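Protein sequences, first through last, are from chains A and B.
In terms of this note's numbering, the first sequence opens at residue 1 and continues consecutively.
In terms of this note's numbering, the second sequence opens at residue 1 and continues consecutively.
Simulated from the structure, these hints should not be mistaken for lab results.
Be a bit skeptical, because a hint or two may be false.
Stated by the list, open to error - Quick list of the computed label-pair ranges, beta carbon to beta carbon:
no. : chain 1 : residue 1 : chain 2 : residue 2 : range
1   : A       : D177      : B       : R11       : 13 to 23 Å
2   : B       : L437      : A       : E5        : 47 to 57 Å
3   : B       : I317      : A       : D177      : 51 to 61 Å
4   : B       : L434      : A       : R144      : 23 to 33 Å
5   : B       : P817      : A       : D177      : 52 to 62 Å
6   : B       : A4        : A       : H12       : 51 to 61 Å
7   : B       : I317      : A       : V17       : 40 to 50 Å
8   : B       : P817      : A       : G22       : 14 to 24 Å
Stated by the list, open to error - Some chain B residues judged to face chain A by a derived CB distance under 10 Å, without partners named:
no. : residue
9   : E159
10  : A163
11  : R166
12  : A168
13  : P229
14  : R458
15  : Q459
16  : E731
What the hints assert, rightly or not - Computed far set for chain B versus chain A, every beta-carbon distance over 12 Å:
no. : residue
17  : R18
18  : A596
19  : L734
20  : L738
21  : L745
22  : P818
Remember, it's a predicted structure, so these values are computed and weren't measured experimentally.
Virtual Cβ for every residue (Gly too), placed ideally from N, Cα, C.
What follows is the residue order along each chain.
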Amino acid sequence: MSATETVVVAEHISKRVATAVGELRVLDEIDVQLAAGQSLAIIGESGSGKTTLLSLLAGLEQPTSGQIRLFGSPLSGLDEDGRAALRLGRVGFVFQAFHLLPSFTALENVAAPLELAGLDNPLERARVALERVGLGQRLTHLPRQLSGGEQQRVALARAFAIGPRLLFADEPTGNLDQRTGERVAELLFEINRSYGTSLVLVTHDPRLAARCQHQIHLEAGRRVA
Amino acid sequence: MMSAILSTLLRHARREWRAAELKPVLAALLVAVAAATGVLAFSERIERALALRSGELIGGDAVLSSRQPLPRPLLDEALAAGLRTSSVTAFPTVLFAGETSVLVEIKAVAADYPLRGRLLVAPADGAPAAQAAAPAEGEVYLDGRALAALAVPVGSEIEIGNAMLRIAGLLVEDPEGAGSFLTLAPRALVRETDVARLGLLGPASRAFHRLLLAGPGAAVERYAESVRPRLQGQRLTLARDAEQQLARVAQQARAFFGLAALAVLWLAALAIALTARRYTDGRREVVAQLRCFGLSRRRILLQLGATLGLYGLPAIILGIVAGYGLQALIALGVGALFQEALPWPGATPALLGVLVGMLAYLSFTLPALSRLAATSPSTLLRQTEDRLGPREWLAYPLALGVLTIAVWLLTGEGELGLIALAGMSLLAATLAGLLWLLLRLVRRHLPGRSFVVRQAFRQFAARPATTLLSAVSLALALAAVLLLGVVAGDLVRQWRSGLSADTPNRFLLNIQPEQVDLLRAQLRALGIATPRFYPFAVGRLIAVNGTPATEERFPDPRAQRFLDGDLNLSWSRELPEANRLVAGQWWDEGPEVSIAETWAQIFGLAVGDHLTVRVGEREIEARIASVRKVDWDSFRVNFFLLFEPETVAGLESTWVTSVRTDAGQARRLGPLLRAYPNVTPIDVDALLARILGVVDAVVRSLNTIFWCALIAAVCVLLAALAVGVGARRFESALWRSLGASRRTLRRTLWLELGAVGGLGGGFGGLAALATGVALAGRVFHIEYSTPWWLLPVGAALGATLSLLAGWVALHGVDATPPANTLRAGAG
Numbered sequence: 001m002s003a004t005e006t007v008v009v010a011e012h013i014s015k016r017v018a019t020a021v022g023e024l025r026v027l028d029e030i031d032v033q034l035a036a037g038q039s040l041a042i043i044g045e046s047g048s049g050k051t052t053l054l055s056l057l058a059g060l061e062q063p064t065s066g067q068i069r070l071f072g073s074p075l076s077g078l079d080e081d082g083r084a085a086l087r088l089g090r091v092g093f094v095f096q097a098f099h100l101l102p103s104f105t106a107l108e109n110v111a112a113p114l115e116l117a118g119l120d121n122p123l124e125r126a127r128v129a130l131e132r133v134g135l136g137q138r139l140t141h142l143p144r145q146l147s148g149g150e151q152q153r154v155a156l157a158r159a160f161a162i163g164p165r166l167l168f169a170d171e172p173t174g175n176l177d178q179r180t181g182e183r184v185a186e187l188l189f190e191i192n193r194s195y196g197t198s199l200v201l202v203t204h205d206p207r208l209a210a211r212c213q214h215q216i217h218l219e220a221g222r223r224v225a
Numbered sequence: 001m002m003s004a005i006l007s008t009l010l011r012h013a014r015r016e017w018r019a020a021e022l023k024p025v026l027a028a029l030l031v032a033v034a035a036a037t038g039v040l041a042f043s044e045r046i047e048r049a050l051a052l053r054s055g056e057l058i059g060g061d062a063v064l065s066s067r068q069p070l071p072r073p074l075l076d077e078a079l080a081a082g083l084r085t086s087s088v089t090a091f092p093t094v095l096f097a098g099e100t101s102v103l104v105e106i107k108a109v110a111a112d113y114p115l116r117g118r119l120l121v122a123p124a125d126g127a128p129a130a131q132a133a134a135p136a137e138g139e140v141y142l143d144g145r146a147l148a149a150l151a152v153p154v155g156s157e158i159e160i161g162n163a164m165l166r167i168a169g170l171l172v173e174d175p176e177g178a179g180s181f182l183t184l185a186p187r188a189l190v191r192e193t194d195v196a197r198l199g200l201l202g203p204a205s206r207a208f209h210r211l212l213l214a215g216p217g218a219a220v221e222r223y224a225e226s227v228r229p230r231l232q233g234q235r236l237t238l239a240r241d242a243e244q245q246l247a248r249v250a251q252q253a254r255a256f257f258g259l260a261a262l263a264v265l266w267l268a269a270l271a272i273a274l275t276a277r278r279y280t281d282g283r284r285e286v287v288a289q290l291r292c293f294g295l296s297r298r299r300i301l302l303q304l305g306a307t308l309g310l311y312g313l314p315a316i317i318l319g320i321v322a323g324y325g326l327q328a329l330i331a332l333g334v335g336a337l338f339q340e341a342l343p344w345p346g347a348t349p350a351l352l353g354v355l356v357g358m359l360a361y362l363s364f365t366l367p368a369l370s371r372l373a374a375t376s377p378s379t380l381l382r383q384t385e386d387r388l389g390p391r392e393w394l395a396y397p398l399a400l401g402v403l404t405i406a407v408w409l410l411t412g413e414g415e416l417g418l419i420a421l422a423g424m425s426l427l428a429a430t431l432a433g434l435l436w437l438l439l440r441l442v443r444r445h446l447p448g449r450s451f452v453v454r455q456a457f458r459q460f461a462a463r464p465a466t467t468l469l470s471a472v473s474l475a476l477a478l479a480a481v482l483l484l485g486v487v488a489g490d491l492v493r494q495w496r497s498g499l500s501a502d503t504p505n506r507f508l509l510n511i512q513p514e515q516v517d518l519l520r521a522q523l524r525a526l527g528i529a530t531p532r533f534y535p536f537a538v539g540r541l542i543a544v545n546g547t548p549a550t551e552e553r554f555p556d557p558r559a560q561r562f563l564d565g566d567l568n569l570s571w572s573r574e575l576p577e578a579n580r581l582v583a584g585q586w587w588d589e590g591p592e593v594s595i596a597e598t599w600a601q602i603f604g605l606a607v608g609d610h611l612t613v614r615v616g617e618r619e620i621e622a623r624i625a626s627v628r629k630v631d632w633d634s635f636r637v638n639f640f641l642l643f644e645p646e647t648v649a650g651l652e653s654t655w656v657t658s659v660r661t662d663a664g665q666a667r668r669l670g671p672l673l674r675a676y677p678n679v680t681p682i683d684v685d686a687l688l689a690r691i692l693g694v695v696d697a698v699v700r701s702l703n704t705i706f707w708c709a710l711i712a713a714v715c716v717l718l719a720a721l722a723v724g725v726g727a728r729r730f731e732s733a734l735w736r737s738l739g740a741s742r743r744t745l746r747r748t749l750w751l752e753l754g755a756v757g758g759l760g761g762g763f764g765g766l767a768a769l770a771t772g773v774a775l776a777g778r779v780f781h782i783e784y785s786t787p788w789w790l791l792p793v794g795a796a797l798g799a800t801l802s803l804l805a806g807w808v809a810l811h812g813v814d815a816t817p818p819a820n821t822l823r824a825g826a827g
């Protein structure tokens, strides 16, 4: 794997937070490297630091120490807006709790990042993306009018409609039943393959993790495998 | 069992104190009570001051008057009721200084005269006047006209009846002096003991007896109620009814304060409704959990109600304390406009404040509470949006209506409240309807190409309930603020200028017919606007429709005044200014008379009826050709009876006019009038100044109340924006995770807030304007030039306020790292 093809690199990153009983070490000296088009699963028990690692890699928060480079740019020198600009049009997210805009329709939710990136025909592209996840008949529905599986598929459509180079998925099937979860996972890997999108996936599910090319196993903030 | 429930309720209440959303509800309640109490208390102080001032005009809180000496039992009863009394006897007599003489009205007064108001006496003509006691025995105070007519200085001796009295001072102001202008002759004030000692009043003398009464308001009212049915030939006048001009000022002032109370109260009630909604939003999950655990809806409602009650009570008490502080603050800026200290308010405003506060609290929190208690346990399992139900949408306008009726009852200003409520309801309904249409349109066809513009409009349309709530609250808040700050101020100023610009301040009486033309020319030469002169005769009403006019036939107490006294009448070819026909025609043919509307009511007269009046030896019968509405407080010469000139042809008369003079003209008028010794000038500047003083006080206090309303409006806005702050924080985090910069999000937010603010503000301006026009016409009866500029100014003010409130309420919603917010989830 050459450095030019690497989408995200983390070197010796740690995250510590102050609590009432003293400092808590959430992540300790973690290294990560992911090449374009490849997939990485972060696994571990609850509270092991999986979601924190994903947030750090995506630039949603800052590490206490260590270096992260996203698409070759170091995140440490960037402020909040600089990190947002780096993600714009290149990064997609899928969250465990879906996190759709509650007052936007399915179509508007998917079109939002397209408009933000200034792409042409955002609504048309959003419609195509929703049809691709099988929700062509649900364009004008609000999130509360959709089932959990449907909401997660809208979130998926929103994530890939922009054609991201890197997709972060935080327990994407955690809130879904087994069958719906499998469908969503299938869609996720299909996007990973057909668009050449790199995938960082946080999951409890060993079968899902096994489908990824790389795995990081965390225990109490440390990488154990 | 009871104690277990009680301790659970207390525990629940203690826990709820930690909820951040509870405190704004209590703050809003405190503001509501403070505003209502403060404005009502101040209004009461002004009313009490005005009542005292009316008292100053008649020398007491009430006056009993009669052509016969007053029966002893009436006096005894007044003393028994704890009232102070002072008797006054007035009669005409001639004063002599050497060969010169003048006919004056002598007023014989007791040592404690007057009971209200003050006597101002100057030691010499032109010297400054000072407050003085009643004249001592053997002394007399003469007014300027009497002194001028006798051409003697203060200190000289003059002859009254068989005795000599020393002139102890020049009478400048006498509480009874500013009353009915046309009956005033030059005046002299003596001690009543001198009347008997000098034998001034014989059994055949034509005297007028008055008993001044003063005491606590309730005692005076009780006395009036008790003696009124037993009066025979006596008349009882209460201070508050005594002066039409001052009574009108008091009524207008009450109307303004009623409006102010209403506006501030509405704002505070809105704030209660909004903060209560935010409180219940924040408690939904807790309530859903409690219901999951098996707690009944009634029990939950009891817990929530007990909590709000427990904390609401101290908030109301604090609000009353703050309200009394507020009125003291307002009085501080205004009190100097009154000659004496403003009377202290009683306990009534506090009681009313509690009543209004509880009403607002209950009616604006109960719908939200009942909705909260009904939260379904399934909320925990499935994310649902809490939307306003039809019951809530109905409950709020209903509550606003109840509150308005309450203020109506409190201030006695029914029409005012109804106009304001109708204006505001119309505003809310129209704005909500228009916005709804606009939101639908925007949602389908997003305008613009830039992300910021499209996103702002989408946000605007995506949360219709919040947008409607913010825009309507802002519109109502700004309408109230503009109504109070601009329209009410404008109304008062226009009312004031209507009163001061060309209001006559001098009456000239007893002008002989042959002097009219010359005097008119001379007044014009002085630069005084050419006044209208009216002939003036004194007569008596003897028959209505051919049947004698007796007190038995017209028992209305107001009718007796016209039946047992002289009747001033005049004639004119043109309809005088400050008069408007409400029925009939202005001169048709045959012997005709036009009557004032008041007369039509008192005597039950209509066009076509006949009146017979005796003037000297002549009887004049005329058909009522028209009924006039007369503006009695215009300070112009006005008559109840105006005859068609041919009808009274040949009748002897003097002439009367009223003029407006500035200080310079007044100085030059004095020497001019020396050439007309028969003409009696009457100066009403002092009365005008008093009235304008009250008007100024109203204007100044409205300014203070305006700032209170503005602060309340900002609170409302903050509360409206705070309702959606959780959702906004979450959405901001989501947008940033998708790559939006904080700058983009802020620009979107500013545009959205500015649009909502501008729209709401523009509508607020429109509503204030429309309500102002309606109030000017229907309540204040003044001409009002429509301030169209309120529309753009309202819109700009709305946008600015919305942005400012947004900056305060939403400051930092985009500051939390998105990871934290997304982990915590929506809300």
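To see whether the hints hold, each was checked on the structure:
1. A:D177 - B:R11: 13 to 23 Å: For B:R11 against A:D177, whose Cβ atoms are near 40 Å apart, the range 13 to 23 Å is violated.
2. B:L437 - A:E5: 47 to 57 Å: The hint (47 to 57 Å, Cβ to Cβ) holds, given that B:L437 and A:E5 are roughly 54 Å apart.
3. B:I317 - A:D177: 51 to 61 Å: holds (56 Å)
4. B:L434 - A:R144: 23 to 33 Å: holds (27 Å)
5. B:P817 - A:D177: 52 to 62 Å: violated (32 Å)
6. B:A4 - A:H12: 51 to 61 Å: holds (59 Å)
7. B:I317 - A:V17: 40 to 50 Å: holds (44 Å)
8. B:P817 - A:G22: 14 to 24 Å: holds (22 Å)
9. E159: Hint violated; B:E159 Cβ to chain A Cβ min 96 Å, cut 10 Å.
10. A163: violated (96 Å)
11. R166: violated (91 Å)
12. A168: Since chain A brings no Cβ nearer than about 86 Å to B:A168, farther than 10 Å, the hint is violated.
13. P229: Constraint on B:P229 not satisfied, violated at 71 Å.
14. R458: holds (7 Å)
15. Q459: This interface hint holds because 8 Å falls under the 10 Å limit.
16. E731: With a closest approach of 6 Å, the B:E731 hint holds.
17. R18: holds (17 Å)
18. A596: holds (65 Å)
19. L734: B:L734 not clear of chain A: closest Cβ-Cβ about 6 Å, inside 12 Å.
20. L738: violated (4 Å)
21. L745: violated (9 Å)
22. P818: The claim breaks: B:P818 does not keep its Cβ more than 12 Å from every Cβ of chain A (closest is about 5 Å).
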